[in-house]
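Work out the full structure: start from the sequences and follow the hints.
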Amino acid sequence: MLSLGSGGGKTAKPSFVSYVSPEEIKKENVNDELKPHLLPGELVICEANTVVKYSREDSLQRGFYGKLVCTNFKISFLSAEQLLDEVDQSYRNKLMGENDISLHCVDQIFGVYDDKKKPLLPGAVKNKIPEKLLLYCKDFRVFHFGLTYTKEEDAKRLIRVIVHHCLNPTSLKCLFAFSYVGAAGGLKVGPLGIEGEPPTIMFETKNDWRDELDRTGGLLTYRIISSNENYKISTRLPQFFAASVSDDDIKKYKGKGIPLWCWSHPSGCALLKMAAFPETVDDNSSQMDKGWIDRQLQVLGETHPLNHTIKTEILSATLPTLQEIQASYSRFKQLFLPDNAAEFWESDVKWLSVLENANWLEIIRQCLKKALDIVECLEHSTSVVLVEENCSDLCCLIASLVQVIIDPHFRTISGFQSLIQKEWVMGCHCFLDRCNLLRNNDKEVSVFLLFLECVWQLLQQYPPAFEFTETYLTILSDSMYIPIFSTFLFNSPWQRDNNQMLDEDRRMRSRSLKLPSVWEWSVQFENSVQALFYNPLYIGKPKLDRFRRTQRIKDPELNCLEIVQENVLDMPEPQRQMSLPSSPSYHSRPSPKKGFFREETDHLIKTFLGKKISRWTPTAEDHSVNNRLFYENWRSKPIDLHGLLLPLHDGPALKIWGQRYLRWIPEVQIPGGGLTTTLNKACEIIDEIKTLQTKVSQCLLKRQPSSPNTDVFTPFHQSSRLSSTFPFGTLRRQSIKPRIPVSTNLSMSFGSMENLPDDEEDLGLL
Amino acid sequence: MEKSTSYDSIGSRRSFQGSGSDSRPPSVGSVSSASSSVIEQTVHKTTAVMPSDSISQTDFSTDFRVLRDGNKLAQMEEPSLLPGESMKDMAKDVTYICPFTGTVRGTLTVTSYRLYFKSLERDPPFVLDVPLGVISRVEKIGGASSRGENSYGLEIFCKDVRTIRFAHKQEGHTRRSIFENLMKYAFPISNNLGLPNESWKLSKINDNYELCDTYPAILVVPVNVPEDELKKVAAFRSRNRIPVISWIHPESQATITRCSQPLVGMSGKRSKDDEKYLQIIMDSNAQSHKIFIFDARPSVNAVANKAKGGGYESEDAYQNAELVFLDIHNIHVMRESLRKLKEIVYPDIEESRWLSNLESTHWLEHIKLILAGALRIADKVESGKTSVVVHCSDGWDRTAQLTSLAMLMLDSYYRTIRGFEVLVEKEWLSFGHRFQLRVGHGDKNHTDADRSPVFLQFVDSVWQMIRQFPTAFEFNEFFLVTILDHLYSCLFGTFLLNSEQQRVKEGLQKSTISLWAYINSQLEEFINPLYVNCYNHVLYPVASMRHLELWIGYYIRWNPRMRPQEPIHQRYKELLGKRAELQKKVEELQREVSNRSASSSEKAGSPSRSVTPIQTVI
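Quick mapping for you: the protein sequence lines, in order, are chains A and B.
Quick note on the numbering used here: the first sequence kicks off at 1 and runs consecutively.
Quick note on the numbering used here: the second sequence kicks off at 767 and runs consecutively.
These aren't lab readings, by the way, just hints derived from the structure by calculation.
Among the clues, some could well be false.
According to the in silico footprint, chain B covers these stretches of chain A (three or more CB under 8 Å from chain B) [stated by the list, open to error]: (1) 407–421; (2) 631–638; (3) 681–687.
The list that follows gives simulated cross-link-like pairs (lysine-lysine, BS3-like), each with its CA atoms no further than 27 Å apart [what the hints assert, rightly or not]: (4) LYS655/A with LYS1035/B; (5) LYS1108/B with LYS350/A; (6) LYS655/A with LYS1339/B; (7) LYS1042/B with LYS935/B; (8) LYS53/A with LYS151/A; (9) LYS151/A with LYS132/A; (10) LYS681/A with LYS1151/B; (11) LYS1035/B with LYS1056/B; (12) LYS128/A with LYS156/A; (13) LYS333/A with LYS116/A; (14) LYS681/A with LYS1038/B; (15) LYS118/A with LYS151/A; (16) LYS173/A with LYS116/A; (17) LYS1108/B with LYS655/A; (18) LYS1351/B with LYS1339/B; (19) LYS126/A with LYS156/A; (20) LYS350/A with LYS1106/B; (21) LYS116/A with LYS128/A; (22) LYS1074/B with LYS997/B; (23) LYS116/A with LYS94/A; (24) LYS637/A with LYS1339/B; (25) LYS1151/B with LYS737/A; (26) LYS173/A with LYS53/A; (27) LYS1056/B with LYS737/A; (28) LYS1350/B with LYS681/A; (29) LYS53/A with LYS35/A; (30) LYS369/A with LYS118/A; (31) LYS173/A with LYS138/A; (32) LYS935/B with LYS854/B; (33) LYS116/A with LYS35/A; (34) LYS1072/B with LYS1106/B; (35) LYS369/A with LYS1108/B; (36) LYS173/A with LYS251/A; (37) LYS997/B with LYS935/B; (38) LYS369/A with LYS443/A.
For every residue, glycine included, the Cβ atom is placed at its ideal position computed from N, Cα and C.
Listed below in structure tokens is the structure:
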């Protein structure tokens, strides 16, 4: 390791040159021997030696020599020195090492020329070689690579290749997933989800849908539609889905204007979603469409056994637009990429207002509120039809969020994964476009991430209600940038099925290349890491009720948790639903005022808010009051973790998802602190309980007590001094030292206040 | 048995009260003994649940219990332990010289809670059971040359008028270890700091509050400073608040001392005595040839104070000293900040402008600066092994915040419930934080410029630390809220008046009950189920706005929407309960198994040993 003296942040620019002689540099070429760990189908494109990776923890004053390699999958930094330094890692991804960056994970590239940071863009790469190459990642890592000692032509080539492969548009077939699966010769597909756990339902077959209808009690009202088998009707629909309409109706507008079933409430009402018609040119057909939708809703109303009311919810009317969401996220993510300690502390002073200006928390709040509105309707036996132009962005988000809030099944890991399959993958969310994996469009919007954010807010408000941890959510969000998983690579199931075959083998379907789903966690992680997904505080459901008609085999290891709760939760579920008083004004709300909606959605509104239909749409007005009432009613009862979980959305209740956004910033790591310590403690207690239970059963079997069983499952580190960002972050190389804020007193000036006697009275001593 | 017994601590209190006639709140008599020294007082605090006014720690009451517990106990010479109590020392063949019934020989035990003597010579067995908190002084009697029976042993003076004498056999060498353990566990505070030692002594110069009326009666000062020099130093410090010790590092001997500003004035006066005094403080720590002076104020304010006769130490006058300003604002700024905070949280919260509104109050920014200041102090003492001096203007507001927070970071003792009570007693009450003025008890003058939420800021900072280290504190959020509620309630005497002198004068400890007595009588409400005691861990919280949060459970608790809920803690309690239940079951079953195996074969090995005993707090 190189040391540049102990200047601390304060000293002037470190001069690297003066400390390293050319002889030393030659010695470093042992790194030549280093070979990157390549996946099947992965090829090295170019590499450069004597690159220095600076460590942010050491104030960018120290670094490791090594080799920087760019492959068709990742950028990888290899160093002999660092290997020695590696302590046993509890968190390891089989696909990506600590110094690996997937090409799709790179967000921004900068070159540092004469201490000035300049963006490196494709086509505009200078001939001059920067002293440093900065890589900003979508998972918020920031890499500083020094190129001063690299051979000029190597550095030049490397930069070109990196910029090209990270920023230039590409095509679907060029995505690494296809070479990966091709080389692996049709991957052995492991079990979906985690061993011993109930499988994730993929919603690819009729049976999957039937089971879900059955589980939620929607089988009476809705039926499985299979007329789109082999995508005969539409490529924007899954092969199977549920609805209450006839096959002919579906064919008429290629699946548009049809309320598609999402979920049924125990009371019999349902959550549905519907794609609007594209803006029509001539009035004539517009008229026809209006009538059409009217009829559809009528049909829907009639099919419901108790003649429920139905409400349509035009999402684009009250939620931020996709452009706004993306603009906000772009501002927001920038807040978590400070280059150095000085920049960090400088931005700390105005942190709260800067955060507010990014508007991201506000967008989360609006989503939570919208979900709350819809939950309220459903709880009051009103079916809701979510409407969006293509029914594949905000519809997915709100529909799945509502289900997480109401149905405890979706707060388990397999349930949550099934939900994402049902609403997002089969709901034709354009992952390929929204994640902008091809870098050729401006359709990038972090809608799915926004959904995970909302779920995270719920999780931090009600930790024992979720089977998964925030680590699970963070890892799931990271997985979006590893272009291997079918889950995130396509815009629709049709596109996926169409591309999972090698062209030449089209005739032989058996040769189809099946890309792994992200739910095959064993592709990425060993069991020990997967254990971090499980929330030790989670209280399993003691009994099967109507929410869980599907048989669920519980992990025997977690059984103890259920025993604890057995008595507490022993109450009939449906009563809760009925006990909520419906607000009197509910059905007689006036229709929304004009001007409430934004221009871009006007055509949608026109389609829906015709006279005939207005009685279906009691929206907007008085919402906050009703909302409040509904919330307070719920709040006045003890919280049932297996029932409704209403999210708080007031200002102070929304937090920053620290694990995701702050994990790589050394200044905010709390050595020996953070939520990790509480989860760690819980795991310890649960381990002890398990050991004791084993002992009890051993004693009961009248065996001689033996030594404690050693296969106790301890997912967390025993070390008492984990960092708050565990399992992420890197705190291991250094001893624990406090992070003393750089004094920036700029923001505070108290004018006349400062002239008052400094403490209390005058000194009166002179 | 009408009075509470010496067993009457945390858990058993209530059951005793039901049957007994003693229905007073516990330990009225042991309420803050402001009359005694800081050291004694803090000892008192730690024993607040133990009634020292009763004469019932007699052989009679314990016999009662022993009898009730049956023969099994009667055959043992050691006490049955309370939850959390542990054995510390034991000496056999010790003679208790009972002034009433003569000598009796038995076994003397010291636990973390009590002194216990039991003799099986008599029937029923003779038992003496004294909680350590009752002990006020321990003396050795007799030396190596002592001859004659019972002339070599220990004399223990109690706060409840008793004096207890034990005779040890010289050849057993048991006296020394008993003495040391008694000193260690009966006076954990004195012991905690390892004071007095070769560099620091207890001084009675302020016995009548004549040197400084806002300091406690007993001060810890450097050994080699004569009284007249102390007086000269006092004359050079605002309100005579000389540098005295707050904390000493057990290993490096680096100290945190606190004082008020020096009276430098516009003319830049110097005091040779004060300079020498600080040099002595620096020299008492051999590890470092430097001393840091932390001035809590912004430098501008420190300079402005010169005009009023105050000021700060110049680095020219104080050799080897480095002066650092911590930029914490004065009480008026803090009061204004809290006023703004109230506006934005009560009754309504403006949802979309919440963060910028919060920022405009600067409340969290002040908390950040206070935490950052304490962090720098703790860092210098721990990593730098350097002694530090902390002051602001008078040394009773910001200084108290800084020293007490630094002590919480450095010393895990203060993170226990008892330790925290001691910390507040010591750094805040004894050293004259003017609670009466800052809170304005009973005073209608609500615009009084002396009011300021200084103590609230301290507690808020502690809460921020709890947030960052959820397992490092024995107490929970409710403990902090309770303290703050009774800061204003005037239900307890703890936070009344401005200084120890005033409290003594008004006889507060006789006329009021201590908040700590109330808290200690229902500890289970205040215990953090996640607590893991990590003795040597220094905590470095992160003083960044990224981590600091507004304390919803305190400031916004009146808003029904934001009603705090602690499902996690509930969940932990359940888990711990489950574990305790299983432990009991395992023990039962194993006893059964071992009984059976003992009868069938002689294969030994106590099976219960294979379970690590785990303490449950609930």
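A quick look at each hint next to the structure:
{"no.": "1", "hint": "407–421", "result": "violated (count 0)"}
{"no.": "2", "hint": "631–638", "result": "holds (count 3)"}
{"no.": "3", "hint": "681–687", "result": "holds (count 4)"}
{"no.": "4", "hint": "LYS655/A with LYS1035/B", "result": "52 Å, violated"}
{"no.": "5", "hint": "LYS1108/B with LYS350/A", "result": "21 Å, holds"}
{"no.": "6", "hint": "LYS655/A with LYS1339/B", "result": "26 Å, holds"}
{"no.": "7", "hint": "LYS1042/B with LYS935/B", "result": "49 Å, violated"}
{"no.": "8", "hint": "LYS53/A with LYS151/A", "result": "16 Å, holds"}
{"no.": "9", "hint": "LYS151/A with LYS132/A", "result": "14 Å, holds"}
{"no.": "10", "hint": "LYS681/A with LYS1151/B", "result": "32 Å, violated"}
{"no.": "11", "hint": "LYS1035/B with LYS1056/B", "result": "23 Å, holds"}
{"no.": "12", "hint": "LYS128/A with LYS156/A", "result": "8 Å, holds"}
{"no.": "13", "hint": "LYS333/A with LYS116/A", "result": "21 Å, holds"}
{"no.": "14", "hint": "LYS681/A with LYS1038/B", "result": "54 Å, violated"}
{"no.": "15", "hint": "LYS118/A with LYS151/A", "result": "21 Å, holds"}
{"no.": "16", "hint": "LYS173/A with LYS116/A", "result": "37 Å, violated"}
{"no.": "17", "hint": "LYS1108/B with LYS655/A", "result": "21 Å, holds"}
{"no.": "18", "hint": "LYS1351/B with LYS1339/B", "result": "18 Å, holds"}
{"no.": "19", "hint": "LYS126/A with LYS156/A", "result": "9 Å, holds"}
{"no.": "20", "hint": "LYS350/A with LYS1106/B", "result": "18 Å, holds"}
{"no.": "21", "hint": "LYS116/A with LYS128/A", "result": "13 Å, holds"}
{"no.": "22", "hint": "LYS1074/B with LYS997/B", "result": "22 Å, holds"}
{"no.": "23", "hint": "LYS116/A with LYS94/A", "result": "36 Å, violated"}
{"no.": "24", "hint": "LYS637/A with LYS1339/B", "result": "21 Å, holds"}
{"no.": "25", "hint": "LYS1151/B with LYS737/A", "result": "14 Å, holds"}
{"no.": "26", "hint": "LYS173/A with LYS53/A", "result": "33 Å, violated"}
{"no.": "27", "hint": "LYS1056/B with LYS737/A", "result": "20 Å, holds"}
{"no.": "28", "hint": "LYS1350/B with LYS681/A", "result": "21 Å, holds"}
{"no.": "29", "hint": "LYS53/A with LYS35/A", "result": "17 Å, holds"}
{"no.": "30", "hint": "LYS369/A with LYS118/A", "result": "41 Å, violated"}
{"no.": "31", "hint": "LYS173/A with LYS138/A", "result": "22 Å, holds"}
{"no.": "32", "hint": "LYS935/B with LYS854/B", "result": "20 Å, holds"}
{"no.": "33", "hint": "LYS116/A with LYS35/A", "result": "33 Å, violated"}
{"no.": "34", "hint": "LYS1072/B with LYS1106/B", "result": "31 Å, violated"}
{"no.": "35", "hint": "LYS369/A with LYS1108/B", "result": "26 Å, holds"}
{"no.": "36", "hint": "LYS173/A with LYS251/A", "result": "31 Å, violated"}
{"no.": "37", "hint": "LYS997/B with LYS935/B", "result": "47 Å, violated"}
{"no.": "38", "hint": "LYS369/A with LYS443/A", "result": "25 Å, holds"}
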